[in-house]
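**Q** Residues per chain, in single letters:
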Amino acid sequence: MSKKFNIDTVANAEATPGQALPWAELGLKENEYKRVEEILGRRPTGAELAMYSVMWSEHCSYKSSKVHLRQFGDKVTDAMKEHLLVGIGENAGVVDIGDGWAVTFKVESHNHPSFVEPYQGAATGVGGIVRDIISMGARPVAVMDPLRFGAIDHPDTARLVHGIVAGIGGYGNSLGLPNIGGEVVFDSVYQGNPLVNALAVGVLRHEDIRLANASGAGNRVVLFGARTGGDGIGGASVLASESFDSSKPSKRPAVQVGDPFAEKVLIECCLELFKASVVEGIQDLGAAGISCATSELASNGDGGMHVELTNVLLRDPSLTPGEILMSESQERMMAVVTPANVEAFEAIMDKWAVEYSWLGEVTGTGRLIIEWDGEKIVDVDPRTVAHEGPVYERPFHRPEWLDAVQADAFRPEQPADLREAVLELMASPNMCSKDWVTDQFDRYVQGNTALAMPDDAGVVRVDEETGLGVAISTDANGRYSYLNPYEGARLALAEAYRNVATSGAEPLAVTDCLNFGSPEDPEVMWQFVETVRGLADACQELGVPVTGGNVSLYNQTGGVAIHPTPVVGVLGVFDDVARRTPSGWREDGQAVYLLGTTAAELDGSEWANLRGHLGGKPPALDLTAERTLAAILVNCSRDGMIDAAHDLSEGGLAAGLSEMALRFGVGARIGLDEVCERDGIDAFTALFSESQARAVVSVPRSEEVRFNDMCTARNFPTMRIGVVDTENEALDVQGYFNLPIDQLREAHQGTLPKHFG
Amino acid sequence: MPRIVVDVMPKPEILDPQGKAIAGALPRIGLTGFAGVRQGKRFELTVDGDVTPEVLEQARHAATTLLSNPVIEDVTRVEVIEEDEQ
Amino acid sequence: MPRIVVDVMPKPEILDPQGKAIAGALPRIGLTGFAGVRQGKRFELTVDGDVTPEVLEQARHAATTLLSNPVIEDVTRVEVIEEDEQ
Amino acid sequence: MTVETPLIGGPQPVASNNEDSPLNGVKIGVVTFPGSLDDRDAVRAVRLAGGSAIHLWHGDHDLHDVDAVIIPGGFSYGDYLRAGAISRFAPLMEQITAAASGGADALPVLGICNGFQVLTEAHLLPGSMIKNNSLHFICRDQRLRVENAGTFWTSEYAQDEELVIPLKNQDGQFVADNRTLDELEGEGRVVFRYVDGNPNGSRRDIAGISNIAGNVVGLMPHPEHAVEAGFGPDSSARGEVGVRGGTDGLGIFTSVLKKLVG
Ligand SMILES: Nc1ncnc2c1ncn2[C@@H]1O[C@H](COP(=O)(O)OP(=O)(O)O)[C@@H](O)[C@H]1O
Ligand SMILES: [Mg+2]
Chain A
328 MSKKFNIDTV ANAEATPGQA LPWAELGLKE NEYKRVEEIL GRRPTGAELA MYSVMWSEHC
388 SYKSSKVHLR QFGDKVTDAM KEHLLVGIGE NAGVVDIGDG WAVTFKVESH NHPSFVEPYQ
448 GAATGVGGIV RDIISMGARP VAVMDPLRFG AIDHPDTARL VHGIVAGIGG YGNSLGLPNI
508 GGEVVFDSVY QGNPLVNALA VGVLRHEDIR LANASGAGNR VVLFGARTGG DGIGGASVLA
568 SESFDSSKPS KRPAVQVGDP FAEKVLIECC LELFKASVVE GIQDLGAAGI SCATSELASN
628 GDGGMHVELT NVLLRDPSLT PGEILMSESQ ERMMAVVTPA NVEAFEAIMD KWAVEYSWLG
688 EVTGTGRLII EWDGEKIVDV DPRTVAHEGP VYERPFHRPE WLDAVQADAF RPEQPADLRE
748 AVLELMASPN MCSKDWVTDQ FDRYVQGNTA LAMPDDAGVV RVDEETGLGV AISTDANGRY
808 SYLNPYEGAR LALAEAYRNV ATSGAEPLAV TDCLNFGSPE DPEVMWQFVE TVRGLADACQ
868 ELGVPVTGGN VSLYNQTGGV AIHPTPVVGV LGVFDDVARR TPSGWREDGQ AVYLLGTTAA
928 ELDGSEWANL RGHLGGKPPA LDLTAERTLA AILVNCSRDG MIDAAHDLSE GGLAAGLSEM
988 ALRFGVGARI GLDEVCERDG IDAFTALFSE SQARAVVSVP RSEEVRFNDM CTARNFPTMR
1048 IGVVDTENEA LDVQGYFNLP IDQLREAHQG TLPKHFG
Chain B
587 MPRIVVDVMP KPEILDPQGK AIAGALPRIG LTGFAGVRQG KRFELTVDGD VTPEVLEQAR
647 HAATTLLSNP VIEDVTRVEV IEEDEQ
Chain C
587 MPRIVVDVMP KPEILDPQGK AIAGALPRIG LTGFAGVRQG KRFELTVDGD VTPEVLEQAR
647 HAATTLLSNP VIEDVTRVEV IEEDEQ
Chain D
18 MTVETPLIGG PQPVASNNED SPLNGVKIGV VTFPGSLDDR DAVRAVRLAG GSAIHLWHGD
78 HDLHDVDAVI IPGGFSYGDY LRAGAISRFA PLMEQITAAA SGGADALPVL GICNGFQVLT
138 EAHLLPGSMI KNNSLHFICR DQRLRVENAG TFWTSEYAQD EELVIPLKNQ DGQFVADNRT
198 LDELEGEGRV VFRYVDGNPN GSRRDIAGIS NIAGNVVGLM PHPEHAVEAG FGPDSSARGE
258 VGVRGGTDGL GIFTSVLKKL VG
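Chains as they are written, first to last, in our numbering: chain A, 328 to 1084; chain B, 587 to 672; chain C, 587 to 672; chain D, 18 to 279.
It should be emphasised that the hints constitute simulated quantities derived from the structure, not laboratory data.
Honestly, I wouldn't trust all of these hints.
Below, a list of computed lysine-lysine pairs in the DSSO-like style, where the Cα atoms sit at most 30 Å apart [unchecked claim]: (1) Lys761/A to Lys597/C; (2) Lys597/B to Lys606/C; (3) Lys627/B to Lys606/C; (4) Lys761/A to Lys578/A; (5) Lys627/C to Lys578/A; (6) Lys602/A to Lys44/D.
Between the sequences and the hints, there should be enough to build the whole structure, so can you do that?
**A** Right, here's the structure in full:
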C-alpha cells in the first residue's frame, strides 16, 4: 500500500523524544500530557495522543464527576441489588423483571450537537442510546425523550423545536421503536443550551446478557456496520504531523448525519448474532469511536488486543490513523468472535447486507497494539486509556447568592378569577398539551404499548403470554434544583417514582442524566455535588438503585449556566400490563379522591413561573409518604380498586384535575371546601400549590369502602373531593368556577400549534 | 415565466444515507457502472416578470438561508434557466 | 471521476407540498420576488472510468426506473458533467 | 395455541400456528424487507384473527405456498429516495407481482402503509404517495369508512361501516391524475376513505384502494395496530371502548381468512 501519511510510529516516538505534539489543541492539560508520557515511558505517538486525549476528555472519562458518582454504588444496599443483574459500569444496567426476563435502560444527552444541527443532533442522540441497549444483548423496545428549550417566543426556539422533534421522530420512527414518553419544558435558561436527552429500553432473556469484553487469546475482532468517515473529529485535524505537508487534509464534517435505516438493519443483525451465539463480547461505537471500543473491550477482558488499522473500511480515504481512531461515525459496532464462529458471523452479515472488516485479534499480552500497514503506531496498556484517566476533585462551594434567592419567597396575589387562572395555567408553555410534539412520534409500532403520552408513565408489554411488562417515567424540575439542588434531585426522583406507581407498576430501578454547567465553576460544581448526594440518598430511602446514566457538563453560554437539570428515569414492573391505570376518568358517578395533604407550597411552582418569580424553597419532600402513596396506588391497580389515577406535580391540583378531564373528555364536579378546611389553606392554594406525595384517583362506588379501608390502614390522608360527571361536559369546581371541557381543550391544545405551526 | 434553478448537494464529507441506499440498489437491478451516488435537491423558483439582478440576489439569499442547511449542504448552483432548457 | 447528473422534478400537475411550503416561507423572510417554487431531486452518479454510451444508457435506465416515479415525477435531465462544473 | 414472538426478525418458516382456530389452515405470508417495522405486528394480527402467519424474506424467491400476502408497514430501505421505491425491486416482489396479477384466483395481497407504497411503486396499484401536506410525520387515531366491503380484505365489514385505526406516516398523501381517480371511483376501487378530516391531503380523501380484480388492496392507516384490546386506539367507531381498547382493524384479517377458507 502506498503511504499517504507520514506515520508516527512507536519506534519514531522513541527516536524523537523531543518532538512537540499538539496536546493542548486536543484538549489535554499539561499535567495530563505529562501523565501520558509517564505511563508510556516515552512521548506518545500521534495515534496514541489521539486516543488518550479523546478517552480522557470529560465526556468519556467523567474526570470531574467520578469521585461523586461513586455514591450511587456506595449507597446501594443488598436489598436494592436484589433485582440488579448488571449494575453501573457497563453500557447500561440490566434489571431482572421475573420469569427469566430482564430489561436494560439508560438515558443519555446529546445537547450540544442538537444546538448546532437540531435534526441530526437529536437523531444521532437516539441512535447512540439505542446502540448502548443493543450492546447489552437486548432488543430495544421503546424510546423516550426528555427535552428542554429556551423561551417559547424566542426567535431561535422554533428552529430548535422543529429540528429536534423531527430528528427524534425521524430516527426513532424509522427504527420501529415506539416513543412512550418524555418531557418538553421551555425556560430561557436553556436558550443557548437546549437539552436533548434520550432514553432507550430493551428486553432480553437472562441468559442473553452480553458484556463489552474481549477475552480468549486468538479470538477475532471485527468492526461492522457503517463505514468510518471523518465524523466528529474536528479536533484531530491538528494532528498535522500525521499528514503529508504537501496535501492538506481534506475537509472534515462539522456534524454527524444519522442513517436510521443502517441502524435498524444493525439491530436485527445483532439480534440474530446473539440468537446464534456467535459473538463473545460486543461494544457499540459512540463517543471516541474505535479508541473507546478497542480500549474498553481490551481492558474489560483478560488479555490484550492486536489491531491492523488499515483494515478499517473508510468512507473517506484521506483519513489519518489518528482520525480513524477518533472518528465518531454512527451506526457501527465492534465484536469479538471465536475463529470457529467466523463463518457463521459472516453469513449473518451477508444476509443483512452489512459491511464488516476483521481488524485483528485478542492476545494474551495485556497490551493494546495497533498497527498501520504493519508498523506499530499504538502500544499501550488499555486500562490506562479506558479506566485510569485523570480524576479531579474539583473545588466547589455553595453560591453566595443562594441565601438571597431562598429568602425571596413567592407572595402570590390572589388571582381575581380562578377560572381564568386555570385556563392561563393550562395554556402555558410548560403545562399545555404536547400533542403537537408527540403526534410526530410512532407510539404503536411493535404492538405492545399499553400506555403512552399523555399518561403518567409509558408502559410496554414484555411477554405476550403473561402480560409481564414495564413502566417508565422521566422527570426533572430545573427550578426546584436551582432553589436547592439537593432537594431538587430528590424531588425529581420522587416524581418519576410516583408517576410509575400511579400507572400501577412497582418501581424497581433508576437511570439518570445529569445536565449541568461548567464543573470548573465551583458554584456549578457545588450544585452537581449536592445533586448526586441528594439523588443517591433518595434512591437509598426509596430502595431503588441507580443502574446507569450519563453526565453532561459545560451546558452554559458565556458565564451563565443552565439550571441544574438532573433528569431521572424510573423503571417499574407489572406482572400484567392489563391492569395499568390510565390518567383520566370515564365512568359517570365514580368518586374522585385526593390522596395526600396540601400546604402553601408555591415557591418554584408553575404558577410562580407564570408570574415571573423564582425564589424561596422547593416543596417539602417526605419519602416515607411517597413510599406509602406508591404502595397504595400499586395495590389499587392490583386489586382493581381504581379506574383512573393521576399524580400531582407541576401545576398542582388545577393541572391534575384538568388533565384527568381532558384525557377522555369527561368532566367532574369537585368540591374544595373540606380540603381547604382540613389543610388550613384557601382554594387558590389548594389548586396551585405543588405539595408532593399527592395523587387524584377515581374509585367505582362498589370499591369505595375497600379503598378507604386500605388508606386508613396505611394511615394515609385521603379525602373524597367529588364525582365524575359525564353529563355536563365541564370541570365544575363548585363555588368557584365551571369550565367547559371544550374551552379547556382549546386553551390546552392551542399553544404549541400557535408557536410552531 | 423565467425560472431560477438552485441546486443543493450534501457536502462531500458528510454521510449521505440516501445516496448510499441508491448506490446499493443499482447493482441489484443490474446497473453496475457506478462507483457512488449522491442525492441532493433541485429547486425551481418561478419569477413573475424579469429576472433583475435584485431578484437573482434574492434567490442567492434564499439558497443559503432557507433552501440549504450550510452545516451539511452546499449550494452548487443558482442560475436563470431558459424556458426550454431544463 | 466523471459524474452523470440526473434531475427529477415533480410533474407540473402534481401538488408539491414542499415547494408550496417554501413559497409560503419566502415572503416571511422578505423575499417577495418569486411566483412559485417547486422542489425536485438531483442525483450525481459517479462513474469509475470513462462515461461510455453504455454507462450513459444505464444512467438513463436508472433515471426512469429507480430514480423517478413516472406517476408523479419527470426526469428533466441526464447528462455528464465536467469535473469543475457543478 | 402456540404463541411465538421471535426476538429476531427475518424469515421464520411458521411464526404462529393456531391449533384451535378453524381458520388455522390458511397461511398468510408477511414480507420482511430491510427496514420493515410492523412485520411482527402483522403476524400477530393474523394470529389473533385465527390464521397462521409465515414470515417471508424479501430476498427469497419462494412464496412458501402461502394463501395470501401482507406487505407490512415500516421504512423499508429507510424510505430513502421514495417510500417503497427500492423494495419494489426485491426478488420476492417478482413472485408476488406474478401471483397477484391474473384471474379470479390471483393471490390476495394487502399493502399497509409502506406496503401500499411498495405496491404503487410496483405498479400493482395506481397512483402514488407524496409527503403529507403538513410535511410532518403524523401519528393519530383515524376514522375511516369502508367504501367497498366486497374485497378479499373487507368482506367482514358492512358497506359504509366506519372504523377507527391508527394512522402513522410521513409520506401518506395519495395522489393520482383525475382520470385515474375517476376510474377508481367508477369501478368501486376506492376501498377506504378518510372521514372526520383528511389527515394528509390525499386526493378525494382516499385512504385505501384496490386493483381491478379486488385481490390487491393498499391501505395507508394500520389495521394491525387495532386488533388487540389494551394495545389499540382509545376509541372505536362502534362506540366507547376501554383504554386503548379499539379493535376495529381485526376485520381486515378475518375477512381474508374467511374468504380463503370458505
Ligand atoms: N449520572 C450517572 N449516574 C449513574 N451512572 C452513570 C452516570 N453517568 C455515567 N454513569 C455510568 O458510567 C458508565 C460510563 O458511562 P458512559 O461513558 O456514558 O457509558 P457508554 O460508554 O456506554 O456511553 C456507564 O455505566 C454509565 O451508566
Ligand atoms: Mg456504550
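**Q** Take the hints in turn and mark each one as holding or not.
**A** Outcome of the hint check:
1. Lys761/A to Lys597/C: 37 Å, violated
2. Lys597/B to Lys606/C: The given pair, whose Cα atoms are some 25 Å apart, holds under the 30 Å limit.
3. Lys627/B to Lys606/C: 15 Å, holds
4. Lys761/A to Lys578/A: 40 Å, violated
5. Lys627/C to Lys578/A: 25 Å, holds
6. Lys602/A to Lys44/D: It holds: about 26 Å lies between the C-alpha atoms, which stays within 30 Å.
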